[in-house]
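**Student:** Our numbering puts the first residue of the sequence shown at 10, with every later residue one more than the last.
The reader is advised that the hints may include incorrect statements.
To be verified - Okay, the calculated beta carbon distance ranges per label pair:
1) G178 x R106: 38 to 44 Å
2) D262 x D159: 36 to 42 Å
3) H240 x A130: 18 to 24 Å
4) D62 x R34: 21 to 27 Å
5) D263 x C161: 41 to 47 Å
6) P133 x W86: 28 to 34 Å
The set of hints was computed from the structure by calculation and includes no laboratory data. In this text, a Cβ means the ideal position worked out from N, Cα and C, and glycines have one as well.
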Amino acid sequence: MLIVVTGAAGLVGGLLRPRLARPGRTLRLVDVAPIDDLSDGEQFVQASVTDLDAMERVCTGADLLVHLGGHSSERPWQQILETNIQGGYVVLEAAHRTGVPRVLLGSSLHATGYVRADEAAAEPVLQPCPDTYYGVGKVTLEALGSLYADRCGLIVVSARICTVGETIGTGGRTLSTWVSPGDLARLVEATAILDKPGHHLVWAVSDNTRGWFSLAAGRAIGFHPEDDAEHHIGPGTDQTHDPHAVLAGAFVDDDHPLGGTW
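Can you make the complete structure from the sequences, with help from the hints?
**Tutor:** What follows is the structure in structure tokens.
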């Protein structure tokens with residue numbers, strides 16, 4: 010099996026690489042930043058997700074495309090447009106042209122950042138309510154995924170990735186939004202064997218005791234998270250949270266201006 014991972018030099022890509030390694034599997038890692046610590050079964054291609062010719066080359070022969078490329082936080086509108094939105098179109102078009110059957114798109118909690126925490130579990134799939142230009146880019150990526158699934162027959166999973174980390178850090182809202190690297194890898198593995206056509210919008214989040222999100226859509230495609238932030242609580246963990254706060258938390262305060270760089 011050949012899995013292409015864009016944005017492989019980033020946080021999520023780095024956490025996934027060792028967890029996706031398997032005998033007989035090749036990981037083709039793509040990023041504009043160099044990756045020097047390749048392991049057996051890994052290939053590296055230095056390329057931008059906005060380069061259609063390059064994306065067609067890296068997608069050729071792939072069984073699964075995991076798209077994590079692009080800016081990973083808020084940026085001025087033009088940068089989101091040129092890299093995140095245009096890049097999303099390019100990778101899906103390349104997957105379509107080269108016959109990649111399955112695509113996992115890295116969306117974000119920020120696609121619904123203005124939803125209140127106590128309202129988040131009301132529906133298995135929340136309607137878009139972005140908190141930033143970055144969030145708007147993720148909403149657009151989800152829409153492109155839906156289009157390419159319906160129009161071109163790709164199996165597409167859009168994963169709204171929550172708070173990623175090997176630990177929960179200081180806690181707080183992370184007790185509800187944490188996703189472990191192991192659970193992210195389980196989502197990739199579920200997507201790699203998914204045979205249910207269409208576009209599937211799921212939460213990439215662990216099975217947290219204090220979780221805010223419905224896991225129903227993920228379970229429907231075979232994603233069964235196993236980890237829980239509750240098992241990582243320490244003496245210094247902040248366990249307070251306002252249930253009426255928005256999902257984005259502090260990312261909508263004055264220290265995180267719209268179109269800023271943070």
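**Student:** Could you run down the list of hints and mark each one as holding or not?
**Tutor:** Taking the hints in turn, this is what the structure says about them:
At about 41 Å, the CB distance of G178 to R106 agrees with the hint of 38 to 44 Å. Checked against the hint of 36 to 42 Å, the C-beta distance between D262 and D159 comes to roughly 38 Å, which is consistent with it. For the pair H240 and A130, the beta carbons lie near 21 Å from each other, so the given range of 18 to 24 Å is met. In this structure the hint that D62 and R34 lie 21 to 27 Å apart at CB holds, the actual value being about 26 Å.
For D263 and C161, the Cβ-Cβ distance of about 43 Å falls inside the hinted range of 41 to 47 Å, so the restraint holds. In this structure the supplied range 28 to 34 Å holds for P133 paired with W86, their Cβ-Cβ distance being about 31 Å.
Comparing the model with each numbered hint stated earlier shows that all of them hold.
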